[in-house]
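A.B. asks: Sequence:
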Amino acid sequence: MSLGDRDSRSMATALWQPQEEGLKEICGLLEQYRLPTVDQSRIWQQHQSCSQLPDFNNYLAFILCRAEGDAVNIRQAAGLLLKNNLKSNYQLIQPPHLQYIKAEVLPCLGSPDFGVRTTVGTIVSVVVQHEGFQGWPEVFQALVQCLDSNDYNHIEGALGALFKISEDFPEILDSEVSGFADRPIAIFIPRLLQFFSSEHTVLRRLALGTVNQFIVLLPSALFINMQTYLQGLFSLASDRSPDVRKLVCAALVQLLEVQPNALQPHMRNVIEYMLQANKDPDRDVALEACEFWSAFCEAKLPPDILRDFLPRLIDILLDNMAYAEDDEALQDGDEDENAPDREQDIKPRFHQSRTIGGGDGAEGEEDDDDEDIINSWNLRKCSAAGLDILSTIFGDEILPVLMPLVQVRLSATKDSAWEEKEAAILALGAVAEGCISGLSPHLAQIVVYLTSFMEDVRPLVRSISCWTLSRYSEWIVKVAQTAEGQVQFDAILTGLLRRILDPNKRVQEAACSAFATLGEEVAEDLAPRLEPILQHLMYAFGTYQRRNLRILYDAIGTLADAVGSELNNPKYLEILMPPLISKWQQVQDYDKDLFPLLECFTSIAQALGPGFSHYAEPVFMRCINLIRTHGVAKADPLRAGVNYDKEFIVCSLDLLSGLAEGLGSSIESLVSRSDLRDLLLQCCADEAPDVRQSALALLGDLVKACAVHLQPRLAEFLNLAANQLGHCVKENVSVANNACWAIGEVAIKVRKEIAPIVLNVVSSLVPILSNAEGLNKSLLENSAITLGRLGWVCPELVAPHMEHFMQPWCRALCTIRDDFEKEDAFRGLCAMVRLNPGGAVNSFVSMCDAIGSWHEIRSTELSSEIAQVLHGYKQMLSQSSSWEQYFGALDGTLREKLVKTYAL
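Residue numbers for the sequence shown follow this note's numbering, beginning at 94 and rising by one.
By construction, these hints were calculated from the structure, which means they are not laboratory data. Nothing here was measured: the structure is a model prediction, and the numbers come from that model. Be careful, since some hints might not be right.
[As the list claims (entries may be wrong)] Label-pair ranges, simulated between beta-carbon atoms: (1) R766 / Q222: 53 to 59 angstroms; (2) C907 / D684: 45 to 51 angstroms; (3) N816 / S328: 34 to 40 angstroms; (4) D686 / P663: 27 to 33 angstroms; (5) V938 / Q369: 55 to 61 angstroms; (6) V309 / W470: 34 to 40 angstroms.
[Unchecked claim] Here are the computed lysine-lysine pairs in the DSS-like style, where the Cα-Cα straight-line distance is at most 27 angstroms: (7) K797 / K845; (8) K739 / K823; (9) K180 / K372; (10) K393 / K474; (11) K739 / K664; (12) K676 / K664; (13) K393 / K870; (14) K727 / K739; (15) K739 / K685; (16) K739 / K797; (17) K685 / K727; (18) K727 / K797; (19) K870 / K967; (20) K474 / K507; (21) K842 / K870; (22) K372 / K474.
The beta carbon of each residue, even a glycine, is placed where N, CA and C say it ideally should be.
Hey, can you work out the whole structure from these sequences and the hints?
C.D. replies: Here's what the structure looks like:
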């Protein structure tokens, strides 16, 4: 069989022929690549030299497609090098050379050599990515020819190439091509579906894998053939190949996510199959099947469909939650604290830039506590996640099925049954949120069991008991208000502190994380127990290695956040600070272990407030130096002596924010003797969103603490902040949030000096408030507060535009909790209404809703101003006899509240 146009290959060959000497040199180079003892730098220099030749890629194509007598891996090495060159330098390759390469590789799509045809498939994929079928119509004809042939090598080569194209760029196959009767995918889908019944496993796998790539895109060609596709999936459900069965499960999960209606008529059969696949001896197949249960719940299908299957499903999930024999956690589960950390165990960590406000936090923020405890994604974790989401859908309904299964596993006495016991404890943690009401009457007993399991002889039982206890933190803290609950709380806390000093690293990690979770919930109630807590944490500080030290820093930071100023006691500082200061001095400026330490110091500085002043200067100066050094490294790493890493800047900015918040005006002497103002201005203009986010937070904190030192460049700061509120707000919500907050802080500090940017900012805030959907709560609250603050300090500028923003602004004001920031916003409302009462008449109901959202206004002055506004409207509207109409439009409860509070 002939592939491609023989004439075009002959023409290309006639235009270019390899030189014998060049061919020999490049073959020798490729041969040396394989030798383990070769001098890599010399080979690299030779390669660089050869790659300067304009026809180097032609040689590689020639060796891949025509070289005879050479070892296959030399041909393959040539092909892989060619693929990489095409990927990185496609636009630089001259058209005649590209023509030669295309003409050479196409006939090898069905090469009898597996390595060659696989490599050719990857090259075809790269060329199609750049040119599409429009630029290389011959490859389309070749692929169709191959699929329609009876030659195994040709079929496999074409399927391999199609799989690679669809994996990386499926949309190319679903695009219109000039001169083609139909889109390429419409030609390929029916052919691919035919191979579902091939006798060859590889062909079934490649065909199914290729079609699966189009489920999300769902081109009309697949939609039209959906029933044939489903029949093909069902016919492959019991395929002898685990790879094919895994792809069947993956397809059904994806269809459930994007096209549930297609599965609806077959759903009972699909569920039955997935239950069987969830018990597949191949754990990869079982894992893929297990994804189905979360997908089912998230698809919001009627729960009744699944209800009858729950007893079997929960039993299977529990079985699969036990550790597999090859689970990596079993291999290092007995590792004691003296075993050195392996580099691969120390996960990269990412600092979360500071976001101002109590809304939904930064975009993309996730709670990953469970990630560390239940380890990397596997059947065990997927089963736990499935049980978790089932509990949120079915709630307490699953307990009569689940609890007997859990009890049997917990009461197993054989030492060999510890994995079942551990899985049962994990199950109790998984359903902690979804089944809390049904479990509540039994939780006192469950918590006693969990506390005792923290003493188990098996480290993995101890660690999962810590995690599961942390999942019930809210309940534990709630019952701790009673005398009996206090005793239980102290027993849990003592147990966790003992486990923090456990000789096993995994238990240390779980206990620290559980303590941090409990600490967040219990907050200042930890204060009476601070001394033993600090003693345990600082003892651990002396024994932990790098990986767990990071988690310990987090636990100390969480404790500081929880107890706040209670920590500012000489007795506690004597325990806490010396080890931390010692570590602060040991860790080098280039060491990334500095990040969690900087975060820890941020929390401590905020908690201690003025009490941190004794430690402030060296901490402040180190932050300044880190920001300056990495600012230089960005442009010139050699001069800076380090490679640029923005995380050092972000962490340092956040620690400076913590210092400004903690020290207040006491930070002024440090700021005045540094170049912080100029460094901060550079950071506010940085292209990295997280640097700008933290810089703007620090801007607001410094304005509150010592505005005078920012005054000379305040206009530049304000313009940079205002620019963050433009049309790209949704892309960088947290940056916009901090910019908005900082502008509000500047406004109440400098008053009329903010006038030049007021209208610019207002014109940006109004669209944010008017298009609130999809934006986080914190940004909306800060936008409403800042708009009010601008109206308060410059009412003559903002009041004329009230009618354009009153309704969305008042809606946002309703959601803000009672505090001084809300007071500022309402001072702005009152100031603007005094100047332009007509601007708010059409929004009278919204304004009254906002006023009614107060539970208690502590400022008698503000309360009096609001009363004057309401009485002013009553007087104004009574003149036109419309007061009753406007006031009558309010909700009855609100009318009563306003009459009672403001004597209307």
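A.B. asks: Compare the structure with each hint and give your call.
C.D. replies: Going through the hints against the structure:
1. R766 / Q222: 53 to 59 angstroms: Distance hint for R766, Q222 holds at roughly 56 angstroms.
2. C907 / D684: 45 to 51 angstroms: At 48 angstroms between Cβs, range holds.
3. N816 / S328: 34 to 40 angstroms: violated (59 angstroms)
4. D686 / P663: 27 to 33 angstroms: For D686 and P663 the Cβ distance comes to about 29 angstroms; the hint holds.
5. V938 / Q369: 55 to 61 angstroms: Between V938 and Q369, where Cβ atoms are some 59 angstroms apart, the hint holds.
6. V309 / W470: 34 to 40 angstroms: violated (20 angstroms)
7. K797 / K845: holds (16 angstroms)
8. K739 / K823: holds (22 angstroms)
9. K180 / K372: At roughly 42 angstroms apart (the allowed maximum being 27 angstroms), K372 and K180 break the hint.
10. K393 / K474: Roughly 22 angstroms separates the two Cα atoms, so the pair holds.
11. K739 / K664: violated (37 angstroms)
12. K676 / K664: holds (20 angstroms)
13. K393 / K870: Holds, because 25 angstroms separates the two Cα atoms, which is no more than 27 angstroms.
14. K727 / K739: holds (9 angstroms)
15. K739 / K685: holds (11 angstroms)
16. K739 / K797: holds (26 angstroms)
17. K685 / K727: holds (17 angstroms)
18. K727 / K797: Status violated; Cα separation ~30 angstroms.
19. K870 / K967: violated (33 angstroms)
20. K474 / K507: holds (24 angstroms)
21. K842 / K870: holds (25 angstroms)
22. K372 / K474: Given that 27 angstroms is the threshold and the Cα spacing comes to 15 angstroms, the pair holds.
Consistency note: the structure conflicts with the earlier hints numbered 3, 6, 9, 11, 18 and 19.
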